[in-house]
Each structure stands twice: as structure tokens, then as C-alpha cells.
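**Student:** Chains A and B, in that order, are what the protein sequence lines are. So the first sequence is numbered by the numbering used here: it starts at 1 and just counts up by one. So the second sequence is numbered by the numbering used here: it starts at 1 and just counts up by one.
Because the hints were derived from the structure by calculation, they are not lab data. Built from N, CA and C at the ideal position, the CB exists for glycine as well. Do not rely on the hints blindly, as some may be mistaken.
[As the list claims (entries may be wrong)] Keeping only pairs whose Cα atoms sit at most 30 Å apart, straight-line, the calculated DSS-like set for lysine-lysine is:
1. Lys-61/B to Lys-204/A
2. Lys-99/B to Lys-30/A
3. Lys-61/B to Lys-208/A
[Claimed, not checked] Not close to chain B: a few residues of chain A, all C-beta gaps over 10 Å, as computed:
4. Ala-32
5. Leu-117
6. Gly-135
7. Pro-213
8. Glu-266
[Said to hold, decoys possible] Here are the computed distance ranges between Cβ atoms for each label pair:
9. Ile-120/A to Pro-325/B: 46 to 56 Å
10. Ala-319/B to Thr-281/A: 54 to 64 Å
11. Pro-271/B to Ala-68/A: 41 to 51 Å
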Amino acid sequence: MPMPPLLARAVVAAMLSDEDQEMLQRIRMKDAGHGYDAFGLHKDFVGMGMSIAKPLYDRYFRVASYGADKVPYSGPAVLASNHSGTVPVDGMMLWVDVIKQTGRIPRAIADHFVPTLPVIGTFFSRGGMVGGSRGNARALLEAGEILMIFPEGTAGVGKMFKDRYQLQTWRVGHAELAIRHRAPVIPVAFIGPEEQMPQVAAIKSLGKLVGLPYLPIPAAPFPLPVKYHIHYGDPVDLPALYGPEDADDPEAVSEAAGRVEVRVKELIEKGLKMRKGRLFT
Amino acid sequence: MPPVPSVPIRGVMVTGATTPIGERLIRSLLADARIERILAVGVEPEDRALPFAHGDRLVYKSVDLGRSRRVRNLLFGPAREMGIEVVIHTAMHRDANAKGGRVRSLNVEALRSLLDLSERHPTIKRFVFKSYGEVYQVQHDLPILVIEDHPLNMSGGAPQWVRNRVEADLTACARMGLSRLEIAVLRCGEVLAPGTGSQLFDYLDSPVCLRPIGFDPMMNMLSISDCVRAMELAARAFGVQGVFNVPGLDTLPLSAAIRRWGRVGIPLPGPVITPWYRIRRRLRGHDFSYGMNRKRFHYCSVLDGTRARDTLGYTPENAIDWPAPRDPAG
């Protein structure tokens, strides 16, 4: 982030409650010597990110969280969630929710183009995001971190309104990582973001001009204040079901990813039933 | 700093002996009484090299390593007579803008000759090559933590400074395990000190440092003492071969490095920065080239020293001597 941590700390002091500031102080991170970890995460910028995201979390999207106790309080883990919204605010809300509920900073695994975005890429990395390379995920899981992975990728963010709550191609990398690094996968379902900014078209050629995978054409100019529901499911204990050698077996990895996909679908169905069609309350 | 295990070595030859790193290495080797003889090799004349007191354990030879006949005479002359067992090769052209066949001779062909001759040398058993972290490719879609099998910068558009280092590194790697000579390649982080050829040191030499707007990559820097310690550990690790990353203790963003160096950083668009540093180089003779550093000024790249820790027992211990205090909030 092109500003010193001192300014980030001032923003935190001005915008976050004392309770949230205390919670931030209790969070543990691997300081590489100058207040940052090797990937660029800095606690003061996490606080600054919270300062920006909390009004959205508390007041705009009024996030309701269910089953966050299923997220382990220590050790490596993978959160695998559906992804949507045209503007992917769901990632930010999940990030805030996990910090708030568990006191751990989840590390978002972003698409490769995100680190190339000026300011945004740097700001996200200060909050814990890393580019989606296998090496980054390996290093973080080996360090006992918790990863946030959206197996639908940008296809999920760019799904059309008619495809809401239908999982796009469910990639398998999260399952391979979980098997290889002996981490449980916690399925997560978002209810709400799929309707926040109904997308009616996506233009790839125009997107390429500005360095994005596509240019979305939404029916609303900004995300609508739908109510977010985050449902955490019971951990899928892939290490108990597969040996480390299975991480190199494409069939085993695909089957393992399928197990997670089924659990996310079940959570989505459960969440939609609980919501009973109400979008904004 | 934990002591380096003291394995008796009959003789050590150090190339690049008159550089700041070479000089510190020789001082450190001299401090170890179990090393019988040290053969220091540099380009400076003998009367001007190594301006510190040393007894007859140290012999200095002025040799142009770019000339293969002289390398042969060195190894099968003084090195054989002194019973050199370990060669630590640190000699590389340090000027980032130097080009041409003579530069490549020192950077690549000297290493090739040294390895070729060491393989059939009667006393040399071990060869330590000080390579560079700059051989690695830096790219947005590559891992931030760089392990030893990270892609190398094989770009044809890379400057000779980088291409030579990659070629030399691969030359050493290609000979591993092919003869009785044990080879260790140390890919060292950037040593932030004068006279080491550090691009970042030259960059931070200006009171105002321009950096690309919107980007603030994580970097790792190595102190001379840690660099020297890693080379000593590698020299004594008989029976161990391989490539090892040597990171430093300081991992921080570019903006923090600028602040800790007591400089003012100004973020500007890349197209403005490139000509500025080109003009600076031409007018003031500085070495820093923004083109050479463009990618690492955008994307994070931090050496992972796990293998060096587990195999050589190396962990960084000494921070850079930063002129400015640490940011109270960070």
C-alpha cells in the first residue's frame, strides 16, 4: 500500500470500535521483521481493511453468519465457497467474518491478474491476499494459515443472473492442496451476493482492453443492499479420506473436489430455504 | 551469531577477494585457526590489495580470471602447492551496464574454466559458487516465496548482467554430480552494501527515490555478514551438493526500505521513471537501471531459505544496518 503503516493505524483509531481494535491486537501473524509477513500482510492494514469493510458488513449487507465455530482456530484449513456478485464483495465479507468470528486472518487466493492491479493489488496483499499460484498456497498451508478459495473463480463472479446459485465449473485445486498439505476443507455458502448486481452480459474483448477477464454489463450500477447470509458447513476431512499420495491422482482429486462441491450445494439449498425468498431482510 | 562449525581445511581459495564481500570472507577465514592456508585472488595489483595485516597464512595473487591460461596457471601453480581443498568463487563483474565479451569471460567463462580444472585437480574437493537471487524470474503469476526450482529469468530481453548470471549458475548446476568435485551454488539475496554491485544500494543512494505508483512489492535483503557466513557454511559442508537460496533477515516492502534508508519515495507512473533513471545514469554515472528492476519493483519476490537452513544450517542472523529507525507503527 503506498502509505506508511502510521496512516493505516490512524484510520483504524478513527473508524474501528475499541472492541475491534483489541481483537486486532490479539491476532497473531508471522512478522518477517518489519511488521510485514513475507507475503506483504500487515496488521495495521488489516485493521484499515476492516475499517473500510465493516460498515458494509454491519450496515449495508447486514451479514448474518451461521456455523462459524466450524472454522478451526489454529492449523491449516481451506475455506471453499461459491462466488458471485459481478463485483466480488463476497470475498471481502467472508474475510471480515472469519476475522470477527475466529480472530484469524484468512488468506484469500486471488486470480493471477489481481496482483497486477495498481493500488488494489497492493492493498489486498496487505490484508492477506496472495496471487493464485501453487507455490503461494503451499507456503501458506505449510505455515498453518487458513486459505479462502473460490473454486468457481472469475466464472462465478461473472455468472449471469439466470444462473444464480448454480455452481460454475468447480475447479479442483483446493482439494489437491487440502490432500497434499493435510488440511480440512470447510464448505461455505453465500446467500445474497448472487442477486446483488444482476448481470445480463459480459464482454470479453472490452475487458481485455482494461486488463480484466471480461467487462460485465449489470442491470444495477452498483451492488444492491441485499442481506448476506454466510453458512459454514462441517469440515470435509479430506486428509482422513485420502493419503498424501492421492494428491497426484487426478481421479482422487476430482472425487475429493466433488465431495466439497456437493456440500456447498447442500449448504446453498439449506440457506435458500432459510431465507424464504426475502432478499433485503 | 552462532559459530560456524570449525572443520579443518588445509587450504581455501577465494576469488573476488578485493570486493567488500571477498574481503570480509577472507577476514573471517583468517580468524579460523583451523584453516591452514588461504589463497586470495583478485584483479587489483598485489601492493594495493587486502589492506589489512595478515600473516603468512594468506597469499594474494592478482589474476585476470577471464583468461583461461592464467586460471590454469593459478590452479596448477599456487593452488596445488598450497594444497587448496575448497574454492569459493565470488568474482563477477559488478557494473550492471557493462557489456561485451570481456565481461562475459569473467562472469561465465572463468567459472567454466575453474570448474573444469577443479574436477581434475589433485587437491580441490569442493567448489562453492556465490550466485545471485536475481537469476530468478519475477512475475505476477509466480510464487512470492521463491524456492530453488523457481523459474529462472531466461528472457532474451534481459540485460547481460542477468543473462551472464543465469548462464553461470546453470553452468555450475550442470556439472553437479558428474565428477568427484562437490559443488554448492548459493543464490544469495541482494547484499545492500557499497561496492557489491547492488542495484538497490545504488537506487537508494539518491535523496529521492522514484517508484511505480500503486505497487509496493516485498523484497528481501542480505547483510554482508550473513552472506559471508553462508559461504563459510557451504565451504565446510563436505559431502553436500546442491543449490541453496540464501535470504537475509530483512523482508520488507520497497516503500519501507526507502523510508528506513532515510530517503523520500515518490510514486510515479513507470513511463516517467524509466527516462529519469536513464538520465541519472548518463549524467551522474550511477549504476541503477529501472528497466532491469522493473518487474521486481512491481511484484513480490522473497527467497525461501528452508533448504539452506535444513542442509547447511544457515539462518539469517544479522539485519541490514538501516540508517533510519523502524517505523513506530510497523
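**Student:** Does each hint fit the structure? Answer for all of them.
**Tutor:** Comparing the hints with the structure gives:
| no. | hint | verdict |
| --- | --- | --- |
| 1 | Lys-61/B to Lys-204/A | violated (64 Å) |
| 2 | Lys-99/B to Lys-30/A | violated (42 Å) |
| 3 | Lys-61/B to Lys-208/A | violated (59 Å) |
| 4 | Ala-32 | violated (4 Å) |
| 5 | Leu-117 | violated (8 Å) |
| 6 | Gly-135 | violated (3 Å) |
| 7 | Pro-213 | holds (14 Å) |
| 8 | Glu-266 | holds (33 Å) |
| 9 | Ile-120/A to Pro-325/B: 46 to 56 Å | violated (31 Å) |
| 10 | Ala-319/B to Thr-281/A: 54 to 64 Å | holds (55 Å) |
| 11 | Pro-271/B to Ala-68/A: 41 to 51 Å | holds (47 Å) |
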